[in-house]
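Q: Residue numbers (this note's numbering), protein chains in the order written: chain P, 305 to 617; chain V, 319 to 610.
By construction, these hints were calculated from the structure, which means they are not laboratory data.
It should be emphasised that the depicted structure is a prediction, and the values quoted were computed from it without experimental measurement.
Built from N, CA and C at the ideal position, the CB exists for glycine as well.
Some clues are possibly wrong.
Calculated cross-link-like contacts (lysine to aspartate or glutamate; reagent style DMTMM-like; alpha-carbon spacing at most 20 Å) [claimed, not checked]: (1) K556(V) <-> D472(V); (2) K583(P) <-> E449(P); (3) K381(V) <-> E449(P); (4) K556(P) <-> D467(V).
Label-pair ranges, simulated between beta-carbon atoms [stated by the list, open to error]: (5) F369(P) <-> G439(V): 19 to 25 Å; (6) E449(P) <-> L417(V): 19 to 25 Å; (7) V580(P) <-> S375(V): 34 to 40 Å.
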Amino acid sequence: MLKPAATRPQPTEAEERAVFRGTALPWVFLLPSLLILAVFVYLPALQTLRLAAYRANVILGTERFVGLANFTELLLSPAYRQVALQTLVFTVLTVTFGLLSALGLAWLASRPIRGANTYRLLLIYPYALSPAIAGTLWLFLFNPEIGLVNQILGSLFDVRPRWLDTPSLAFGLVTLAAIWKGLAYNIVFYLASIQNLPGDVMEAAEIDGASGAQVFWRVAFPLLTPITFFLIFTNVISALFDSFALTDILTKGGPYTGNAGVTTFLVYQLYQDGFVNFKTGAAAAQAALMLALVAFITWMQFRVGERRVHYGA
Amino acid sequence: MAREVRAGVVGVPKLGAGRSKGRHGRVWVTHLALIISILVISAPLIFALIKSTQISSEVISPKLIPGGAFFDNLSGVWVDAKLGRYMWNSTVLAVSVTLGKTVLSLLAALAFVYFRFPLKGLAFTLVLLSLMLPTEVLIIALFDLVSQDLRWADTYAAIIVPFLASATGTFLFRQHFMNIPTSLADAARIDGCGPLTYLTRILIPMSWNTIGALAVIQFVYAWDQYIWPLVILQNDDKQVVQVGLRRLIEVGGQTDWGAVMAGAIVTMIPPLVVFTALQKQFSRGFALTEDK
């Protein structure tokens, strides 16, 4: 049964080979990787935690220790709370609808029909599409004056919504674009899992007279829980981070509503505070909170992955 | 770093492995549903493709008939808006990162599988844990480090070196090596073969599917980089094509949408070429993670 590699059991000592001798040699092979991880991953991670406890003045070039003040200010700030809530709603919507539509499409494309290979290829090639391109295409499609969508809506119903200036529409649009962008990736994994489902079980169900819908919901869907869990986690991470390029090009985090831009999500806010408003301390505190969030998600992935995600093979 | 793992860990469709022979009669319904879905999903791309071939008066009209102005549109952005320059930079970035990650993770996996040494568990944990720390979360401190301490701002090193190590790559190569019988390595050693010779003569030729599959993921990941180049590269001549797209839109005043669409289409080509070229490896390479 397919499952995320990260949840596979670690090999025991006995399984490991020690074919070649030498204690210095393995370190020589590992050194480039470990050095890069130490300098460009672990050092910045520690530095982020340190910076979160300081307030820097860019103009004077000074740093002042403020303890947890950056964190308390963030958590008390209505703007940051709004951003966090928006990110949550955006994540839940993209993950739910993204996975449901990908599952449906993968199920359709896995039917043994003529041209199935072509259909599958046409469904997964958009994997090569970047979030920035997705943003660019949607920006043009939903341009209020010359975009195709409004030209169609205008000629049919005489309405031309201001997609990117209306908060609810802009939020919906970014969500839809993110779902669209993620489809190919999710379809790749669902297709792989569906094709690896035990054929005899499915056939037995069909011979017993189960309808297509019954086979899907009663047999296939439960067998697909492992990959669904894996995709939930990867999609949550992707909604948290890959949304940056998409929103930066499509909406610039706007339009403004309440205390913040309606499509300003956590990473966008972090970028804004760090590189536009130059509030290094506040940005580092946000980074630290996101770090905790990613740690929590990863921990959940291992926990759930170990516990629930194991029927099948 | 963290995101490449998403694509790296499970299986990929074995194209053509049709499962059971369905007795469902109305096959045409499935065909129809698939065709409609694919059209809907591809609509933004088809639209971009058509608009990229039209002259500017047609681009802003609802007309959906392809024209012959693709290369005119492209040449406009290729030099004036530096798209050619951006494409070159992205190619340097993506090729270097892909090659570097492949080589470094092969070496790391070699150490993890064929040697026993003190602190091995700790080293492995350090590699794996790095998956939890995506660039976006580190960006504030990483920016200080790369621009202030290393003074690498506006260099290729800034967008390449921090991404050369790969936990995903190390992990997948380790899995793959562990599925290769130990007797092979024993025989090689008895013949006087050192670990590096064993890697280049035996392991790499046996690993092309895994290498190809990882190359696809790593190339696409590197090609899609956006937030890091955006903050670390101020010099336009070094900028990558994803950020370049944003600059194409922001040329002030009227956006030349025909040119932008031509740019977007061209930006999609390299990952599409890599994906198509390595599609077999991409599908097969992950077979190793299918337990049974």
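Q: Checking against the hints above, which ones are violated?
A: Per hint list: 2, 4, 5, 6 violated.
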